[in-house]
Amino acid sequence: DGGITQSPKYLFRKEGQNVTLSCEQNLNHDAMYWYRQDPGQGLRLIYYSQIVNDFQKGDIAEGYSVSREKKESFPLTVTSAQKNPTAFYLCASSPDWRGWGQTPLATNEKLFFGSGTQLSVL
Amino acid sequence: GIQVEQSPPDLILQEGANSTLRCNFSDSVNNLQWFHQNPWGQLINLFYIPSGTKQNGRLSATTVATERYSLLYISSSQTTDSGVYFCAVEETGNQFYFGTGTSLTVIP
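Protein chains in written order, with our numbering: chain A, 6 to 127; chain B, 104 to 211.
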């Protein structure tokens, strides 16, 4: 089945450690995203990538890093610089990439989510 | 970035009741989607509705883009409707912005 797979489901980080969250999609989507959700809060954008080998910072990129070497994969590294990493992390993808000046796709532009990774600090 | 406000923040309903959830946004948007987050954290697409009205079973949604709001209607609510409902909007550049959600609890 087509979808977005996040792993692991639960992850624990020790003080000063970097950890990497995996996100893989087989939907052939161009755009991928990482969001952070804190309890009782909405989703905040960490990083997004519109195309392979390109990514942009979202609203809360500090302490995080990403790569987009393949269309299917968009891993997120939570570095030791992120002092409050405990949160639920959601990866998403979208079939639409709209470059500046291009005509936008008119139909079926949607955002699809993985099942999330809960990161906690030991 | 664009501001997204959802109301009410919390809602408790008796099974069978109807409800209306609101999403206001601060600027023109290209896309708007409604999501339901289940108790396991999974976000499920409900509607892609940048404008107009759509219906899917007991759920329907209306977006009035010129007035910058969208409404999600839930009729004959069931306990399985419980969870958090999010509105997400996209302006230009493929960035989606989320509201803080409406937490719905349906009591049997």
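No lab work stands behind these hints, which were simulated from the structure alone. You may find that some hints are simply not true.
What the hints assert, rightly or not - Some chain A residues close to chain B (C-beta under 7 Å, calculated; not the full set):
no. : residue
1   : Pro44
2   : Gly47
3   : Lys88
4   : Phe93
5   : Leu116
6   : Phe118
7   : Ser120
8   : Leu127
Claimed, not checked - Among the chain B residues that face chain A by a calculated CB cut under 7 Å, a handful are:
no. : residue
9   : Tyr176
10  : Thr208
11  : Pro211
Just so we're clear, the structure is a prediction, and the values are computed from it rather than from any experiment. Glycine included, each C-beta is placed from N, C-alpha and C at the ideal position.
Structure-based check of each hint:
1. Pro44: violated, 11 Å
2. Gly47: holds, 4 Å
3. Lys88: Violated: closest Cβ of chain B sits about 23 Å from A/Lys88, beyond 7 Å.
4. Phe93: holds, 6 Å
5. Leu116: With a minimum Cβ separation of about 6 Å from chain B (threshold 7 Å), the hint on A/Leu116 holds.
6. Phe118: holds, 4 Å
7. Ser120: holds, 5 Å
8. Leu127: With a minimum Cβ separation of about 21 Å from chain B (threshold 7 Å), the hint on A/Leu127 is violated.
9. Tyr176: Violated: closest Cβ of chain A sits about 20 Å from B/Tyr176, beyond 7 Å.
10. Thr208: Where the cut-off is 7 Å and the nearest Cβ of chain A is about 14 Å from B/Thr208, the hint is violated.
11. Pro211: This hint is violated: B/Pro211 lies away from chain A, its Cβ roughly 24 Å from the closest one there, beyond 7 Å.
Of the numbered hints given earlier, the model fails hints 1, 3, 8, 9, 10, 11; all others are met.
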